[in-house]
Amino acid sequence: MSGQDARAPVQASPGECAEALCTLLLQSLAALAAADQVDTACRIAGQAHAVLRRDDGRQAQRFNSLLHRLTPRLDW
Numbered sequence: 001m002s003g004q005d006a007r008a009p010v011q012a013s014p015g016e017c018a019e020a021l022c023t024l025l026l027q028s029l030a031a032l033a034a035a036d037q038v039d040t041a042c043r044i045a046g047q048a049h050a051v052l053r054r055d056d057g058r059q060a061q062r063f064n065s066l067l068h069r070l071t072p073r074l075d076w
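At position 64 of the sequence shown the residue is numbered 64 (this note's numbering), and the sequence of numbers has no breaks.
It should be emphasised that the hints constitute simulated quantities derived from the structure, not laboratory data.
From the three backbone atoms N, C-alpha and C, an ideal C-beta is built for every residue, glycine too.
Per label pair, the in silico range of CB-to-CB distance:
no., residue 1, residue 2, range
1, Gly46, Cys17, 18 to 26 Å
2, Gln61, Pro14, 14 to 22 Å
3, Arg7, Gln47, 27 to 35 Å
4, Pro14, Arg73, 27 to 35 Å
5, Arg7, Gly57, 31 to 39 Å
6, Thr71, Arg7, 36 to 44 Å
7, Ala35, Trp76, 18 to 26 Å
8, Arg7, Arg43, 34 to 42 Å
Start from the sequences, fold in the hints, and give me the full structure.
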């Protein structure tokens, strides 16, 4: 054992935290869409993309990809 408390918070860089939070949000949006809330999931994904697009293009692209996967399921 390393002697560190397993309950101690993991030190992560801001970029790692942002990536982890985006992953959690994407998983949540996919679950929302699976629960027949596709419109809401798309709206939130679009907002996330707008927030990220200038400062973190890589993460913004993940939300853009989700939008492309979900939009065919929208009831227009």
